[in-house]
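Undergrad: Here is what each chain is made of, one letter per residue.
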Amino acid sequence: MIGTAVAILRKDLRVEVRTRESVPAMVLFSVTVFVLFHFGLDRDSLEGDLATGVIWVTLLLAGLLGINRLYIAERDQGGFTVMRLAPIDLTALWLAKAAALFLYMVVLEVLALPVFDLLLLGPGLDGALPELLPILLLANVGLAAVGALVSALAIETRARDLIVPLLLLPLLVPVIIAAAQATEPLLAAGQSPDDLAKWLGFLALYDVVFVLVSVAVFDFLLDD
Amino acid sequence: MTSVLFGRRLGALAWVTAAFMLAAMALVFFYAPEDADQGFRQKIFYVHVPMAIVTLCGFMAAAIFAIKHLRSGDSSWDVRSYVAIHLSIILGVGVLATGAIWAKTAWGHWWVWEEPVLVSYLIVFLLYCCYQPLRFSIADPERQSRYASVFAVTAGAFVPLNFVAVRLAEQYTHPRVLSETGGNLPGDMRFTFIVCLVAMALLFATLWKLELTNKNVSQQLKRLRRRLEAQAS
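Residue numbers (our numbering), protein chains in the order written: chain P, 1 to 224; chain B, 1001 to 1233.
Zero decoy hints are in this set.
Okay, the calculated beta carbon distance ranges per label pair:
1. Asp-76/P - Arg-1167/B: 42 to 48 Å
2. Lys-1104/B - Pro-134/P: 37 to 43 Å
3. Arg-43/P - Lys-1104/B: 29 to 35 Å
Incomplete in silico selection of chain P near chain B, CB under 8 Å:
4. Leu-149
5. Leu-153
6. Glu-156
7. Thr-157
8. Arg-158
9. Ala-159
10. Ile-163
11. Leu-167
12. Pro-170
13. Val-173
14. Pro-174
15. Ala-178
16. Gln-181
17. Phe-202
18. Val-213
19. Leu-221
No lab work stands behind these hints: they were computed from the structure. Ideal Cβ positions, reconstructed from N, Cα and C, are used throughout, including at glycine.
Let's have the full structure, built from the sequences with the hints guiding it.
TA: Here it is as structure tokens:
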């Protein structure tokens, strides 16, 4: 299964590198949202809870853009049909899409966080980076697992671009809670993260639960 | 489809439910003592909390029915899951409304973000509100029931996680006069609460059976009509 997943992932990444459909849009969207927040909040620099809220909501919404497009090529160009015919475990498709989404989010964060630091962040990102990394990674895994499942759930519906955000946002509320609670002290001046371990633990639990749920149910979505 | 008779013993169940509802209301107003601190407004607790517990159990039951559907491929399990979610959403509106009334009378605001259970409930409610838009935007009936079941399983796993997250996010728990489970209630209040919980569970079961019977009958009717039309032509 891993071999199949890697093959699909390589195909997806190659398509992304050649067409540049998702990631540039996600980055551009994030930067635009930072500008919007600058005017919406009428603030030149943010810190603490405001900075945390802006960064996480922006990353989440930018992630939605990628999640919406995740399976479109498979459906429109017959990828689903071919994969059903091929003697492969269909869960590999979920794994590949989740891995692709994870990588998109990593690239997005590598590009968008410095921009956020430059445009809006008051205290500076350098000091917070070692603690911020595990939060970002665990949150990305959760987002990737749930995103790859929900995107597949919505792909056959008539109102796909409506269904994805409607389903995904409530499902990701726990991720936002944990990530924001863990990030907030890092971005506030002179605060030490007190219960970082608790929130990392929760994010890890969330990731494990939704990876297991996705592996258990994904087959049924393509099983025609 | 199956020809399971969902309507069996529905009448008896309805009468038992009515008796329990009457008894519960009588106990609430005439037997349970008025709360020393909260006064009369505490009575809404006997509706709000059982309703919340029953709807959450309804969501979990729907997840279990959905697992059965996915494993067996028998679409009658999907109908059971669908009706349980549908009913829980309707009663969920009641939970949020009674919760808001309680918050308004107790703390002076219609909505209190410090109350972790209510906030978690809102998130769960918002998630399940997407069940029907998802379900009815899929045309093929077989695929519709399969996708709906996948949603029900995923959302079922989400419910406990969400409660943990919101609970952890509270720096301090709101000072509670009553614990949600009724664990530290005085005896006569606890008895009233348990009768109310049973009454609410029975109400849910009756409505669930009624709706299942309804769906089953209309489906059979449709099938008979089709056969009749085929014979006539």
